[in-house]
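Participant: Now for the letters of each chain:
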Amino acid sequence: MIYEDYDVAVIGAGHAGCEAALACARLGLKTIVFTVSVDSIAMMPCNPNIGGTSKGHLVREVDALGGEMGKNIDRTFIQSKMLNTSKGPAVHSLRAQADKKEYSASMRKILENTDNLTVRQDEVAEILVEECQGSCNGTELKTQNTENENNTDKSVIKKVNGVKTTSGNTYPCKAAIICTGVYLKARCIYGDVSHYTGPNGLPAANSLTASLIALGIDVRRFKTGTPARIDKRSIDFSKMEEQFGDEKIVPFSFENTSEDLERDQVSCWLTYTNEETHKIIRENIDRSPLFSGAIEGVGPRYCPSIEDKVMRFADKDRHQVFIEPEGNYTNEMYISGMSSSLPEDVQYQMYRSVPGLENAKIVRNAYAIEYDCINATELYPTLEFKNISGLFSAGQSNGSSGYEEAAAQGIIAGINAAMKLKGEDPLVLDRSDGYIGVLIDDLVTKETSEPYRMMTSRAEYRLLLRQDNADLRLSKYGYRVGLLSKERYEKTVEKQRIIDAEIERLKNTSVGTSENVLELLKSLGSTELTSGITLAELIRRPELSYFSIAPIDKKRPEIDETTAEQINIELKYEGYISRQIKQVEQYKKLEKKKIPADFDYDKVPSLRIEARQKLKKIKPVSIGQASRISGVSPADINVLVVFMKM
Amino acid sequence: MLDRFNNDTIAAICTGLTGSGINIIRISGEKAFEVADSIFVGKSGKKIAEMRNFSVNYGYIVDKSYNVDNVDNLSEETVDEVLLMKMQAPHSYTKEDVIEIDCHGGIIVTKKILGLILKNGARLAEPGEFTKRAFLNGRIDLSQAEAVIDIINAKSNLALKNSVQQLKGSVKKKIVEIREKLISKTAYIEAALDDPEHISLEGFTEENKNEFEEIAKDLKKLVDTFDEGRLLNEGINTCILGLPNAGKSSLLNALLNEERAIVTDIAGTTRDILRETVVFGDVVLNIIDTAGIRDTGDIIEKIGVDRAKKEAENADLILYVIDLNEGINNKDLEILEEIKDKKTIVVYNKSDLLPENGSVSLNAENAGNGSTGKTAITLSSKTGEGIEELKTMIKTLFYSGSINNSEDVLITNERHRELLSSALRSINNVINAVQDNVSEDFLTIDLMDAYETLGKIIGESVEDDLADRIFKDFCMGK
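Which chain is which? The protein sequence lines are A and B, in order. Read in the working numbering, the first sequence has 210 at position 210, and its numbers run on one by one without any break. To get the working numbering, take the position in the second sequence, counting from 1, and add 1000.
Pulled out of the complex, with its shape left as it was, chain A reads as follows:
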């Protein structure tokens, strides 16, 4: 049958799908989100936490744009911790342990109660497109013919007009967003056991890949893995170090305050592998499907299985293992640091060799999972396919990894599907706007050969892209597209105004060598003053801060703590920050040099062959993006600039 018309169909209700669907629906579009299991909405099939280094930044950025992930983890965390607090503010990262079931249920509740949003349990098997010469006005549904595919005819434009489920029913829609995570032709493997299912035994989505290939989409196969879950009652925690949460909670969402989120927290536990563990692994390595070649997918280097770690880092005599609760509803504990695809009997021996796990009872085995994903260089930075109008893709199906990376892409894909249908300007964050910009630019520009994980080192302007100022950076975009309320936006504008005014005041307020000043400096171990100095200059001294000089700052206005923190950071790191601002200005110049979508690289003389091929394939939107494509040299960029007369 053919269902009623929708504006947008979101395929998958994981972390990308939820943000995409919510964004579309909240922006007023009639949206349907498909999931293979309504009970698995926003499921966390791997680690039981949200955030972490650089991922925490993504969550706060999603929140600043008006997304749900930050609020949802604030509602459901059972431990919260700010990482890297001994380092500079740019690398402070928030991470929270989630109650997995609560997290999922809470997100489901949000989805189910959002206007314009329909949740549907079904598997999408096919993306329906119409092909039109020039403009696409036709409404007639046309099933993709896989055999007589003609992708080479440039005058033909494909445009999404519906999706079809495995049950053969059709949902007409104007845009579709692929958020299939690890479910496409998923296969779970450990030892010689292999199940053709998604994570946790959920059904895999086995049909859609063929439809994607028929649409001319380049499909690749990636791999990832998860460790075993162990019964809490079988663990001897006395042999482990307890890891507590922070006393003072920093919320993920800018809407929440520390006080809002006070609650009892659970602990995590730290233990280590040992020589015995490594010996077990080495002796059985030939039985690993990763080493025997039974797994063909490309796995991530940053998230290696324990056997990978032992083999590649043979000189390390131990590896850390974190034991993390999966939630308050269960005794299952996540064994972080020991993902594996070794056979069950080896897993059993291996886990039991770790101090505290001698009597461990495995609830779920560790396994590796293989899945199909797309090549994200086929996408514009809006996350829309360059060759298929109205088709977007976000999350792990784009070759990324991680819940947060998925959510970040989800909200951008959702916003851009909505902007397209509403005829408004798309939202493209660039590398100087936020980690989301870095993430998406990397995905659509560099052909990643493994699941892509966010890292702070990937953000070249990270001093500006702090987790603490995501609201100041991105609220304007969230408000412009319509996801962020006017009230929240104006609050941010006011915050910025206070920061600017206070910095101005501190730069223009001097203190002399009066007794109380000298006394305070002495007590803080700071060099004595011989003449007057501005408060700003004092704050810049390594041993002082905006907070510590408060006693000698008589005219300081009342400023809340998070705003004060901004003032302190901006002043203390002004030198580095202004350097990065200059770099950003340089960077923006190249980003502003746009390349038309239909630009013909064959017309440019003297481009090297490799560069020409890459440019034709990736179709960069700007000279800036072109310059980041590997295989395109500065000389090629010069040639392009000259030819395009920029």
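Incorrect hints may have been included.
[Claimed, not checked] DSS-like, lysine-lysine: derived pairs with alpha carbons at most 25 angstroms apart: (1) Lys1031/B x Lys593/A; (2) Lys588/A x Lys1095/B; (3) Lys1119/B x Lys1095/B; (4) Lys1031/B x Lys582/A; (5) Lys1095/B x Lys593/A.
Since the hints were derived computationally from the structure, they do not count as laboratory data. Computed from a prediction, not measured in an experiment: that's the story for all the values here.
Fit chain B to the given chain A structure using the hints.
Facilitator: Below, chain B without anything else, positioned relative to chain A:
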């Protein structure tokens, strides 16, 4: 690479440097006038802004930064007498503000002027860059695009090839080595920042402080290596030192073949400092003759002596003159001890005055190898005997191999030196940051800057080096 798209100010020698009498240097860009103002003193006293468009202006190129340590004693140095032409945007070849300088000092002076321009805010133009700008600014039409592209391609490839070739094996090796250190330190820090629960930075800066200082030292050495290129291009700053009346001025005259310095037999005649340029073969000596060093009560002469010491400090080469007939004395040894770190040749002068069966208190060989540890030579400024040997000795001391004084060497050297100095600045930032206890995530900003800058010298870009390195070296994550 980004800076290639700036509208920054560029400069280059436009004539072929083929040894013609007049050379033209062109400066183009927003700051062209500003740069010119900082090195040009017009006879009319006008600033560039006050000159008429397309006017030709007579004046001097002066090095205002000359010897900054000694500003009180030395006035700015006049480099050359030139004609300067002003072309205001858009009425110029590039449609930007353009200054052209006609100079007539030959290769050495032309390069020196270019060096001054670069020091004052312009950057060396890429091959074909003036033409490229002319095209981008609409000065030449689209049909010429292809030709321009060919120029860019041909020349940038050539330049890269040259620059890589010109790097001596050992220099390249050293740069690769330093980059390796930089990326491995950076990767360690970044890995720890990304995975703080597995990798600790505790004690990292204390452990690596010395290594950062080593890197800075190595870079400094490399910058100095390129100073050899400078010596080649700009000349060896040579200082003639010695006790009063040892025959310093007569040695200068012998090298110059002309009576430039006032030579008398009254000790202390040379109160001022004489500067002369001597060219033999490919070697250029910028010779400074100083007042004889001695403890003196005469105030005017005292100034001369102080200055001599200062000059000696800044010299690349010291010719220390001793009257063979007087022999070496304690004062000489004292001075030689003071300059023991300098490249020095001990010149025993006045061999012509030596009696037939002359027994000298200390002969040259002994003085050279025994007492002073310096290379020594015996000669006569008066008869010219031994002067050629001295020249050969200088040549061997500075240039072991053959000398290749082509335009390309200058271009790459200038560029390399800029890059090396910039890398050194970055490392010094790191060292300062460590001293200030700045947290490690800031260090990597400068470490990566240095890494990137050095990469430009050997033609390697950064791409995804860092991420690859982190994954390769560190066991990350869950």
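Participant: State for each hint whether it applies.
Facilitator: Evaluation of the provided hints:
no.	hint	verdict
1	Lys1031/B x Lys593/A	23 angstroms, holds
2	Lys588/A x Lys1095/B	24 angstroms, holds
3	Lys1119/B x Lys1095/B	24 angstroms, holds
4	Lys1031/B x Lys582/A	18 angstroms, holds
5	Lys1095/B x Lys593/A	20 angstroms, holds
The structure is consistent with each of the numbered hints, conforming to all of them.
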